[in-house]
Structure formats: C-alpha cells, structure tokens
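Participant: Using the sequences provided together with the hints, build the complete structure.
Protein chains in written order, with the working numbering: chain Y, 1 to 114; chain W, 1 to 110.
One or more hints might be untrue.
[As the list claims (entries may be wrong)] The list that follows gives simulated cross-link-like pairs (lysine-lysine, DSS-like), each with its CA atoms no further than 27 angstroms apart:
no., chain 1, residue 1, chain 2, residue 2
1, Y, LYS19, W, LYS67
2, Y, LYS52, Y, LYS19
3, Y, LYS19, W, LYS56
4, Y, LYS18, W, LYS67
5, Y, LYS18, Y, LYS36
6, Y, LYS52, W, LYS97
7, W, LYS97, Y, LYS22
[Said to hold, decoys possible] A few chain W positions that, by computed beta-carbon distances, are all more than 12 angstroms from chain Y:
no., residue
8, GLU45
9, ASP55
10, SER91
I should point out that these hints are in silico values taken from the structure, not numbers from a laboratory.
Quick reminder that beta carbons are idealized off the backbone N, C-alpha and C, glycines included.
In case you want the letters, here they are:
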Amino acid sequence: ETGVTQTPRHLVMGMTNKKSLKCEQHLGHNAMYWYKQSAKKPLELMFVYNFKEQTENNSVPSRFSPECPNSSHLFLHLHTLQPEDSALYLCASSQGQGPNYEQYFGPGTRLTVT
Amino acid sequence: QKEVEQNSGPLSVPEGAIASLNCTYSDRGSQSFFWYRQYSGKSPELIMFIYSNGDKEDGRFTAQLNKASQYVSLLIRDSQPSDSATYLCASMQGAQKLVFGQGTRLTINP
Chain Y
1 ETGVTQTPRH
11 LVMGMTNKKS
21 LKCEQHLGHN
31 AMYWYKQSAK
41 KPLELMFVYN
51 FKEQTENNSV
61 PSRFSPECPN
71 SSHLFLHLHT
81 LQPEDSALYL
91 CASSQGQGPN
101 YEQYFGPGTR
111 LTVT
Chain W
1 QKEVEQNSGP
11 LSVPEGAIAS
21 LNCTYSDRGS
31 QSFFWYRQYS
41 GKSPELIMFI
51 YSNGDKEDGR
61 FTAQLNKASQ
71 YVSLLIRDSQ
81 PSDSATYLCA
91 SMQGAQKLVF
101 GQGTRLTINP
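Facilitator: Structure, rendered in structure tokens:
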C-alpha cells in the first residue's frame, strides 16, 4: 500500500496492560510522526521525530511514550490507557521538515481499550 | 492551535460532474496546504499540496489557494464513483505540524 508499515493492525488491550505499536518506513525519510484519529474528531498530531530526536510533543499524556531508535523505526509504548484512548493510531513519515515536505501515512493500528 | 475548518458533508455529486471541496484556515502563518483522501477503514492518502496563491493541477484534481481569504479548495473533474471518500484538508503550521480539518465526506452517484 505505502512505504510505511505498522504492526499490529488491530489491538485490544485492558486498562492495566502494557503494549507497543511499531512503525517502519522504507522510504529513506528522516522525519516520523504519530497521529491519533478518533471518531468524530480531526486527525491529531501526537509526536514528531526528526533524525531520531523528538521535536514535538503535542501535550500528549504520559501514558503514551514514544521511542525512535533510528530514522526508519518508531514505536509508541502504551500503559494504563483509558477507554477514551480507543482510536486509530497512524504513523507517518516525510523526507524532511518544512512547508514543502509531504507526509505519507501507514495503514494504522486500530486500538480498542476495554 | 489554530484551526482548519471543513464542511463535514455529506456532499453528493453526480458521476461525471465537478466536485468542489472547501476549507478555511485561521493561521495566517501557514505556508502550505495538503489534501488527503481517506477511504472508510483506510489511512489517509496524499492527493496533492499547494503553497502558492492560485491553482495547481494534477490530472483530474485542481487545488486552489487564496491566502488573502485564508481559503483552500479542491476540485475533482469528471467525478467517478471511486472518488467517494472523505477528503481531509490540512495546513502546515511551522516546519512540522500538520493540522487537519474534520474532513468532508464525498459521495459520487452513478
């Protein structure tokens, strides 16, 4: 589908569980992003990494913890989530950062918190 | 955070007609604007982006930007049933922050 892959595609977890979402981009891009898409709400930026360094945290609760070990991989570690955290979590990447760089999205992980 | 506004629709257009999708934004500092298409249950797919005032054409798609009016639009010519999807407008705020609108649901009727 795209050069950005995400696993798992679906995840159901209890509020006391710990799980991780994985994203990998095969496009040679330098910037990676996590977005959240909830029903009835606009797609919302969570975190940005540029050359492995976090450059944006959009006031995300600490129960979401990102990790970027290299420019190709991005993780989102989840712990003690709430039911309202159920959403589609999308990873994206771009060649660089700036107004002319397009972001390409992965297929997403559909998360359900019970 | 500055906002991006779209009419949520649904917008119904007959097959073969021109579909017109509109978006307004509040951040005058935004330099570029992106249109994504999202089919139900799928991730957003980039259609095109625009950063200069005026029109930008790519196949059946034309993006229009009017920075004075803070208005962006997407025209789809010769609409096909496969164009039925939700269209997301986004503005780039700063160097890295894409801010999305709610999306407009478009239905092309055969």
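Participant: Honestly, which of those hints from before does the structure not fit?
Facilitator: Failing hints, ascending: 1, 3, 4, 8, 10.
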